[in-house]
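Engineer: Sequence:
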Amino acid sequence: MVSGAMGKEKVHFQASDSSLTEKEMNQFLDWFRTNEKTDLVLKATLAHFWFVTIHPFEAGNGIITRALTDMLLAKSDKSNQRFYSMSAQIRMQRKEYYEILEETQKGNLDITE
0 MVSGAMGKEK VHFQASDSSL TEKEMNQFLD WFRTNEKTDL VLKATLAHFW
50 FVTIHPFEAG NGIITRALTD MLLAKSDKSN QRFYSMSAQI RMQRKEYYEI
100 LEETQKGNLD ITE
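With numbering that gives the first Met the number 0 applied, the sequence shown covers 0 to 112.
These are calculated hints, taken from the structure and not from any lab test.
Owing to the predicted nature of the structure, the values given are computational and were not obtained by experimental measurement.
Watch out, some of these pointers could steer you wrong.
Claimed, not checked - Derived DSBU-like pairs: lysine-lysine, alpha-carbon spacing no greater than 30 Å straight-line: (1) LYS74 - LYS7; (2) LYS105 - LYS22; (3) LYS22 - LYS74; (4) LYS36 - LYS22; (5) LYS36 - LYS7; (6) LYS7 - LYS77; (7) LYS105 - LYS94; (8) LYS77 - LYS105; (9) LYS7 - LYS105; (10) LYS36 - LYS77.
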């Protein structure tokens with residue numbers, strides 16, 4: 000993930016080697032499909048971080064990540080209506096979101112905070 004003007008770009012995150020992507024995605028999908036005991040709000044958080052960190056596609060990772068997160072949050076509410084949106088919340092707290100994401104990905108991957 001890169002931001003900034005051309006010539007003054009800042010690299011916030013670099014995805015892992017593409018040779019690992021298939022293995023990491025298979026692990027993610029196995030966990031996503033089968034981990035039914037985890038609270039769905041916590042699962043949404045973990046899925047969001049895990050998918051955006053794997054970064055399996057050249058483009059569209061953020062959109063897919065937010066869709067997965069919204070899906071799990073809606074499922075946790077047991078409602079057909081959604082009164083919130085990850086995209087809207089990230090837009091409102093964009094700077095903080097990317098700072099925490101970058102710090103966590105460059106650190107020990109502990110998302111507790």
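Engineer: Does each hint hold? Answer for all of them.
Structural biologist: A quick look at each hint next to the structure:
1. Note on LYS74 and LYS7: the hinted pairing is violated, with a Cα-Cα distance of about 42 Å set against a maximum of 30 Å.
2. For a cut-off of 30 Å, the pair hint linking LYS105 to LYS22 stands: about 21 Å separates their Cα positions.
3. Distance restraint check for LYS22 and LYS74: the Cα-Cα separation of roughly 27 Å lies within the 30 Å cut-off, and the hinted pair is therefore satisfied.
4. Of the supplied pair hints, the one linking LYS36 and LYS22 holds, its CA atoms being roughly 23 Å apart against a limit of 30 Å.
5. Proximity of LYS36 to LYS7 is assessed by CA-CA distance (about 45 Å); at most 30 Å being required, the pair is judged violated.
6. A hinted pair counts as satisfied when its Cα atoms are at most 30 Å apart, and LYS7 with LYS77 does not qualify at roughly 46 Å.
7. With a CA separation close to 16 Å, the supplied pair LYS105 and LYS94 stays within the 30 Å bound.
8. Annotation: proposed proximity of LYS77 to LYS105 is violated, straight-line Cα distance about 35 Å (limit 30 Å).
9. The suggested pairing of LYS7 with LYS105 holds, with an alpha-carbon distance near 20 Å, which does not exceed 30 Å.
10. Among the hinted pairs, LYS36 with LYS77 is consistent with the structure: their alpha-carbon atoms are about 16 Å apart, no more than 30 Å.
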